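In order, the protein sequences belong to chains A and B. With the numbering used here as the guide, the letters of the first sequence map in order to residues 75 to 411. With the numbering used here as the guide, the letters of the second sequence map in order to residues -8 to 208.
Derived by calculation from the structure, the hints in this document are not laboratory data. All values reported here derive from a predicted model rather than from experimental measurement. We treat Cβ as the ideally placed atom computed from N, Cα and C, and that holds for glycine. Watch out, some of these pointers could steer you wrong.
Said to hold, decoys possible - Beta-carbon label-pair distances, calculated as ranges: (1) A:R341 x B:Q67: 35 to 45 Å; (2) B:Q114 x A:N201: 50 to 60 Å; (3) B:T141 x A:G242: 41 to 51 Å; (4) A:S352 x B:P63: 18 to 28 Å; (5) B:L58 x A:K401: 29 to 39 Å; (6) A:N201 x B:A47: 25 to 35 Å; (7) B:S44 x A:P351: 50 to 60 Å.
Stated by the list, open to error - Over the 12 Å line for every Cβ pair with chain B, so calculated as not near, a few chain A residues: (8) P102; (9) Q113; (10) A266; (11) A293.
As the list claims (entries may be wrong) - Listing some non-contacts, in silico: residues in chain B with all C-beta distances to chain A over 12 Å: (12) Y38; (13) L58; (14) K70; (15) T80; (16) P84; (17) Q98; (18) T103; (19) N108; (20) T122; (21) R129; (22) V137; (23) S165; (24) G191.
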Amino acid sequence: MSFKRFDAEDLVIASEAVSAPVWSTGDPILTTFFTSSTQPNLESGKFYYDVYQTGSTLDNAAVQFSIAYGDLDGSGSAPYNSSVVGKSPSSTIYGQYRTLVLGDEESSFSFGGVSQEYFYAITIDRNQFKESLLPASFNLTLKNTSNRILTLTDNSTAVTTVSYNDAGRVYQVVSGSNGVPYTGVNANGYTATSGSYGLFLPDIGTIILNGAALDINGAQGINLSTTRGTTAAANPAKLYQVINSGSSFQLNYKETVTSQFVFARIRNSEFNYSTNPSYITGSGDLRISSMLDTPQSYITSVGMYNDNNELLAVAKLSRPLLKDFTKEALIRIKLDF
Amino acid sequence: MGYLNNSVVTVDAILTKKGRELLARGDGSFRITQFALSDDEIDYTLYNTSHPSGSAYYGEAIEAMPLLEAFPDETQIMKYKLTTLPRGTARLPILATKSVVTLKQGQSEAITPQTLNYLGNNQTFETSGYTFTIADARVASAFQGVGINTEEANRLNSTTTLGTNVSKTVIGTSLNITATSVNTLFGTNTQLQTTLTIIGRDSGARVTIPVTITKVN
């Protein structure tokens, strides 16, 4: 007999959380940022800019995140049709995130209790964030041409109750670092009058930044100078510039890896003979005479089968494991999904 | 006093091509219920019964062997299974069947293996039948096991996966195979080649034979 059935307790499902840097560089902080020079002229350039960790034409270039600009009034981008006021790529982006995040076409975005009509959305590439972003790992440095620096984080360590909306967990983006608000202006890290700096939405891998807060020309903002009008203004490029100048975007993801553990229990009397052609002669006789009294075999692989004897999964040992009538073995096999 | 040997070995497993196929099918056929062990890569001629250091070192050359990683092709791994037999067994079961299968396009053939040296019999048919696996299912327009009428055997006979060169496994006491009549598969070649693996479901004995399909038109 070559097959042995598993008992019910031999098959165990277990899940564990794994966190790691979002960026394909493997580093926790992304310090260099690149966009494609051709994208602004493409249809997609009207809606968002992709940001790469290296030159976009290089073989190892991968989109790390995208920047989009959303505006309730459709400002900041040219209308689809000049005779239809207010319908432009920026209004499309606004509606898209309103549906995704608020789930109510009548609602408007509110940052720290202050409603605003426009925002910037940083969407992390799905391949990079796997399952969700890790709160308190978010640190983004923005720096404008006047060398004014703003460091943003989420307020996950400051809140005692997590808020939820249609996009899952929601944290406020605040001035500060490592999930701890900077209390120099407000105890909660918000601006004085424009609310928080945005929303950190870990479950959809998105950070929505409050455009009005970034536009503040003073210590609380970086004077981003968002252009709101009926002509194309390339607002995503403005946010890209301050991110690029800031040279520091830190973010980790968190992923739940579900594993199946399979325990192969091998009794002393089992699996001591082999069908290996070097084990037997052409007529089936044992090739090694000493094995007549003390048969031995070497385990190198464990195959897992269904009832139809179809090989579903296989595990290899790192070195041959000797098996004879005096030895038992327990092999724990991990299957990741 | 020394440390006890922590004898639990932990290894990572990979899904085979067949495993991924059945997982994608989502019909419950991806359900691990049993396991087998193999000693693929082991060459027992390295077992040195003349080792000057004594019997504890007979397997030295085998035990030092660094093993390759697992292959996802289910027809290329778990080739030589370990088997459970009574102590004192001198002869191991082997399969007797045709050494090659050569078919012309559209031609059919029945293959009926027998097991030698099993359960005290010189020659016998195994009660549970045999598992027949063809490495490339496209080369056979019919590939059916007969003689075993269990639910699983019937289901395997009726299961088809469209597309690329996946393997197909059926169960029976004998196999009916018909070579494909599709010319496209040949391309500019005059022959198609694959392998047929037969495994005794009771004895674990195994044999792999080459299959050649010859183009007619």
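Please flag the earlier hints that this structure goes against, numbers listed from lowest up. 1, 5, 6, 7, 12, 13, 14, 15, 16, 19, 20, 24
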